[in-house]
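Colleague: Here's the letter readout for the chains.
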Amino acid sequence: MQLQLEYFLLLAAALFCIGIYGLITSRNAVRVLMSIELLLNAVNLNLMGFSNFLDPDTIRGQVFTVFVITVAAAEAAVGLAIILAIYRNRETIDMEQFNLLKW
Amino acid sequence: MDFSSNIATQLNAGAILPEGIVVVTILLVLICDLIVGKSSARWLPYVAIAGLLASVAALWLKWDATESLAFLQGFNGDDLSIAFRGIVALSATVTILMSVRYVEQSGTSLAEFIAILLAATLGGMFLSGANDLVMIFVALETLSISSYLLTGYTKRDPRSNEAALKYLLIGAASSAIFLYGVSLLYGLSGGQTNLDAIATALANGDGGESLGLAIALVFAIAGISFKISAVPFHQWTPDVYEGSPTPVVAFLSVGSKAAGFALAIRLLVTAFGAVSEEWHFIFTALAILSMILGNVVALAQTSMKRMLAYSSIGQAGFVMIGFIAGTDAGYSSMIFYLLIYLFMNLGAFTCVILFSLQTGTDQISDYSGLYQKDPLLTLALSICLLSLGGIPPFAGFFGKIYLFWSGWQAGLYGLVLLGLVTSVVSIYYYIRVVKMMVVKEPQEMSETVENYPEVRWSLPGMRPLQVGIVVSLVATTLAGILSNPLFTFANNSVINSPVLQSAKLTQPIAKAGISETSDRPIVQ
Amino acid sequence: MNLAEGVQIVSFGILAALMIAAALGVVLFEKIVYSAFLLGGVFISISGLYILLNADFVAAAQILIYVGAVNVLILFAIMLVNKEEVFKPISGRWIRKAATALVCVGLFALLSTMVLATPWNLAAPITAPESTLILIGKHFFSDYLLPFELASVLLLMAMIGAIIIARRDFIPDIEAASSDQPLQTVWRLPERPRELTPTQGSSNQRK
Numbered sequence: 107m108q109l110q111l112e113y114f115l116l117l118a119a120a121l122f123c124i125g126i127y128g129l130i131t132s133r134n135a136v137r138v139l140m141s142i143e144l145l146l147n148a149v150n151l152n153l154m155g156f157s158n159f160l161d162p163d164t165i166r167g168q169v170f171t172v173f174v175i176t177v178a179a180a181e182a183a184v185g186l187a188i189i190l191a192i193y194r195n196r197e198t199i200d201m202e203q204f205n206l207l208k209w
Numbered sequence: 005m006d007f008s009s010n011i012a013t014q015l016n017a018g019a020i021l022p023e024g025i026v027v028v029t030i031l032l033v034l035i036c037d038l039i040v041g042k043s044s045a046r047w048l049p050y051v052a053i054a055g056l057l058a059s060v061a062a063l064w065l066k067w068d069a070t071e072s073l074a075f076l077q078g079f080n081g082d083d084l085s086i087a088f089r090g091i092v093a094l095s096a097t098v099t100i101l102m103s104v105r106y107v108e109q110s111g112t113s114l115a116e117f118i119a120i121l122l123a124a125t126l127g128g129m130f131l132s133g134a135n136d137l138v139m140i141f142v143a144l145e146t147l148s149i150s151s152y153l154l155t156g157y158t159k160r161d162p163r164s165n166e167a168a169l170k171y172l173l174i175g176a177a178s179s180a181i182f183l184y185g186v187s188l189l190y191g192l193s194g195g196q197t198n199l200d201a202i203a204t205a206l207a208n209g210d211g212g213e214s215l216g217l218a219i220a221l222v223f224a225i226a227g228i229s230f231k232i233s234a235v236p237f238h239q240w241t242p243d244v245y246e247g248s249p250t251p252v253v254a255f256l257s258v259g260s261k262a263a264g265f266a267l268a269i270r271l272l273v274t275a276f277g278a279v280s281e282e283w284h285f286i287f288t289a290l291a292i293l294s295m296i297l298g299n300v301v302a303l304a305q306t307s308m309k310r311m312l313a314y315s316s317i318g319q320a321g322f323v324m325i326g327f328i329a330g331t332d333a334g335y336s337s338m339i340f341y342l343l344i345y346l347f348m349n350l351g352a353f354t355c356v357i358l359f360s361l362q363t364g365t366d367q368i369s370d371y372s373g374l375y376q377k378d379p380l381l382t383l384a385l386s387i388c389l390l391s392l393g394g395i396p397p398f399a400g401f402f403g404k405i406y407l408f409w410s411g412w413q414a415g416l417y418g419l420v421l422l423g424l425v426t427s428v429v430s431i432y433y434y435i436r437v438v439k440m441m442v443v444k445e446p447q448e449m450s451e452t453v454e455n456y457p458e459v460r461w462s463l464p465g466m467r468p469l470q471v472g473i474v475v476s477l478v479a480t481t482l483a484g485i486l487s488n489p490l491f492t493f494a495n496n497s498v499i500n501s502p503v504l505q506s507a508k509l510t511q512p513i514a515k516a517g518i519s520e521t522s523d524r525p526i527v528q
Numbered sequence: 083m084n085l086a087e088g089v090q091i092v093s094f095g096i097l098a099a100l101m102i103a104a105a106l107g108v109v110l111f112e113k114i115v116y117s118a119f120l121l122g123g124v125f126i127s128i129s130g131l132y133i134l135l136n137a138d139f140v141a142a143a144q145i146l147i148y149v150g151a152v153n154v155l156i157l158f159a160i161m162l163v164n165k166e167e168v169f170k171p172i173s174g175r176w177i178r179k180a181a182t183a184l185v186c187v188g189l190f191a192l193l194s195t196m197v198l199a200t201p202w203n204l205a206a207p208i209t210a211p212e213s214t215l216i217l218i219g220k221h222f223f224s225d226y227l228l229p230f231e232l233a234s235v236l237l238l239m240a241m242i243g244a245i246i247i248a249r250r251d252f253i254p255d256i257e258a259a260s261s262d263q264p265l266q267t268v269w270r271l272p273e274r275p276r277e278l279t280p281t282q283g284s285s286n287q288r289k
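Residue numbers (the numbering used here), protein chains in the order written: chain G, 107 to 209; chain V, 5 to 528; chain E, 83 to 289.
No lab work stands behind these hints, which were simulated from the structure alone. Where a beta carbon is used, it is the ideal one built from N, C-alpha and C, also for glycine. Honestly, I wouldn't trust all of these hints.
[To be verified] Each pair of labels, with its calculated beta carbon distance range:
hint, chain 1, residue 1, chain 2, residue 2, range
1, E, A86, V, A207, 36 to 42 Å
2, E, E112, V, Q239, 24 to 30 Å
3, E, I216, V, N496, 43 to 49 Å
4, V, T70, E, I245, 41 to 47 Å
5, V, L482, E, K170, 53 to 59 Å
6, V, Y417, E, L146, 56 to 62 Å
Let's have the full structure, built from the sequences with the hints guiding it.
Modeller: Here is the structure:
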């Protein structure tokens with residue numbers, strides 16, 4: 107018995123679904139951001155799995171992962187800056203309270 | 005060392021000269037602002053505009069370049085990408101024209117605004133030519149993250165914060181979903197990230213029709229539809245459009261959307277060529293929903309920005325007809341329409357900005373009787389709106405006719421008929437605004453218009469706004485009557501792009517004989 | 083099954099269980115601080131999985147960037163918005179949660195069917211490259227040179243933008259008072275919010 111590609115892909119799929127669940131049900135804006143990080147990590151796990159099992163000579167997936175990590179860090183910084191700004195104005199980070207813009 | 009000398013000959017770095025100019029402009033803007041300080045706001049916008057125009061000129065020089073692939077096939081600078089990069093750069097230019105006064109009046113600092121806008125432009129331009137999954141992802145995120153920042157730029161306003169937060173969360177989630185699809189694509193192709201290599205690998209492999217490819221396709225389309233705000237991925241659009249600074253909205257509705265369409269063409273036509281019937285089907289559904297929902301909900305809006313938001317959803321639906329047609333005429337009608345849409349939509353937004361700067365409101369009912377107070381604004385806004393509605397002889401009419409004609413040629417009868425019906429609906433809400441401005445008697449003038457102050461063009465930042473209005477007015481009026489050069493340009497950019505030409509052979513929908521009739525479809 | 087494979091399988095099992103448990107904790111815990119620390123747990127176990135996948139450099143980068151930067155940033159943000167906030171309960175919320183959970187389970191079923199049904203064309207012998215670092219470096223300076231350079235612009239803009247938006251800047255009173263605009267328009271949209279516009283009617287609130 108050896109480690110199979112499928113194990114990693116299934117793990118990534120599970121993490122992705124947990125991230126989606128957190129994304130939709132969270133009321134705390136910071137937690138929504140954390141769920142997005144979970145989603146990106148699921149993608150990374152996918153890429154790394156493919157990179158090791160399908161593409162071990164050129165490991166393009168690892169390079170892709172490094173880019174995803176970079177972008178995720180930038181996205182987190184921007185997201186938290188926006189959350190800080192909205193907290194200063196509204197004194198809350200409850201997603202249900204953000205309803206100034208409604209049709 | 006042999007590695008470096010090997011690489012240097014293959015880079016063909018000249019292909020990204022236009023983007024290089026934009027990068028230099030970003031640095032210039034940031035450094036000048038740092039050194040000179042606040043007084044640099046007087047001339048920095050002009051530096052940025054000069055940079056963007058130089059970049060457009062450089063694009064012009066790259067037209068029909070013999071060697072279009074650059075950076076070891078990571079970037080494709082063919083004529084198709086040049087058309088889209090030109091659209092993105094031009095939309096940024098007009099956006100800067102209209103933003104000078106707006107940003108100044110909202111009290112925020114102009115230099116950073118321009119720098120972030122330029123970064124978004126850079127992302128859009130790279131996205132239009134990206135030929136590699138990694139490149140697509142990084143360019144897409146450069147565009148997206150800059151857009152989130154621009155959306156939240158008026159940070160003291162709770163609406164702007166809220167718009168930015170919604171945009172960021174929905175956008176980041178959709179790009180994560182897009183990325184999941186892309187990672188599946190990497191796996192299915194056996195470890196390729198280059199779009200052409202993926203297409204070859206998928207065509208050779210037996211997994212062409214597999215479930216994995218279908219899921220990758222759906223996830224990728226979800227990410228793209230978010231960028232072009234096609235229904236049902238449009239929920240962010242009205243909220244973000246209402247809450248963001250208006251120049252940003254203008255850029256999002258034109259530049260960012262054009263980049264999204266470029267991504268759609270390149271990714272779907274190249275990498276997903278094996279499942280082209282499936283994605284044609286999905287896009288047909290998206291186009292139908294977008295045209296119906298965008299145009300019908302726009303009827304009920306009372307805020308000008310929200311109305312333009314829904315109308316832009318509907319317009320994206322029209323553009324998708326050309327994409328679904330999948331013929332030479334279809335693609336070139338997309339480019340033609342986007343070029344015209346650039347001027348008419350940005351013109352409309354410039355007028356909305358001028359009105360809101362003068363009065364501080366963007367309610368449609370407040371526009372009533374504007375004709376008596378400001379004829380130029382009324383004229384410009386009316387022409388832009390009528391053109392958006394597709395009334396002859398303005399440019400929008402010819403753009404729409406060409407889109408519908410190419411769709412009809414490709415056999416999309418139902419879609420074209422629906423497009424005709426919904427554009428009649430759209431004429432109703434555009435005309436409503438025009439009627440309100442022009443026809444109202446003096447005593448029916450709204451309170452806001454009665455207090456309408458004299459436009460002081462001499463104020464700093466008003467000149468560019470005026471130039472923006474006049475340029476888009478002239479372009480919208482003349483592009484209809486003198487559309488031949490634009491038309492040839494759009495047509496050539498499609499015919500000269502090997503990506504679309506090779507894809508067409510494999511596509512079941514492409515019918516023989518279309519390319520021969522690619523003459524002027526409209527008899528004047 | 084030799085010893086090395088056994089160790090690999092066991093450590094994979096432990097890391098996977100840790101990761102799933104921590105990820106469930108992130109989305110399910112009421113207290114946001116617990117979630118933040120558990121997020122660190124997710125990142126660390128994923129880094130362990132990367133080592134199982136022969137990726138030493140990326141595993142280190144995962145720890146450095148995700149745990150060292152992103153997670154710490156999230157903790158800082160939680161401290162900065164440090165208010166014991168009891169969210170107003172909304173009736174029928176559990177229905178939405180249950181529906182979402184159902185959808186997610188369905189999605190997982192779909193994705194796992196896809197994973198198991200697709201014939202991945204595996205590379206025959208999986209040989210770990212002797213140094214991933216050299217390979218990644220070569221990629222950065224050959225076929226991924228352009229995204230690598232573009233990422234620098236992206237990071238620069240994210241930094242500038244985040245500073246601008248998060249900075250607590252004082253409004254220059256003198257300047258605002260001397261100009262013809264009222265003070266509260268600074269840093270705001272010029273359009274009035276809808277509540278203040280005189281023509282606002284109930285008609286624009288659909289339903």
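Colleague: Mind listing which of the numbered hints don't hold for this structure, in increasing order?
Modeller: none
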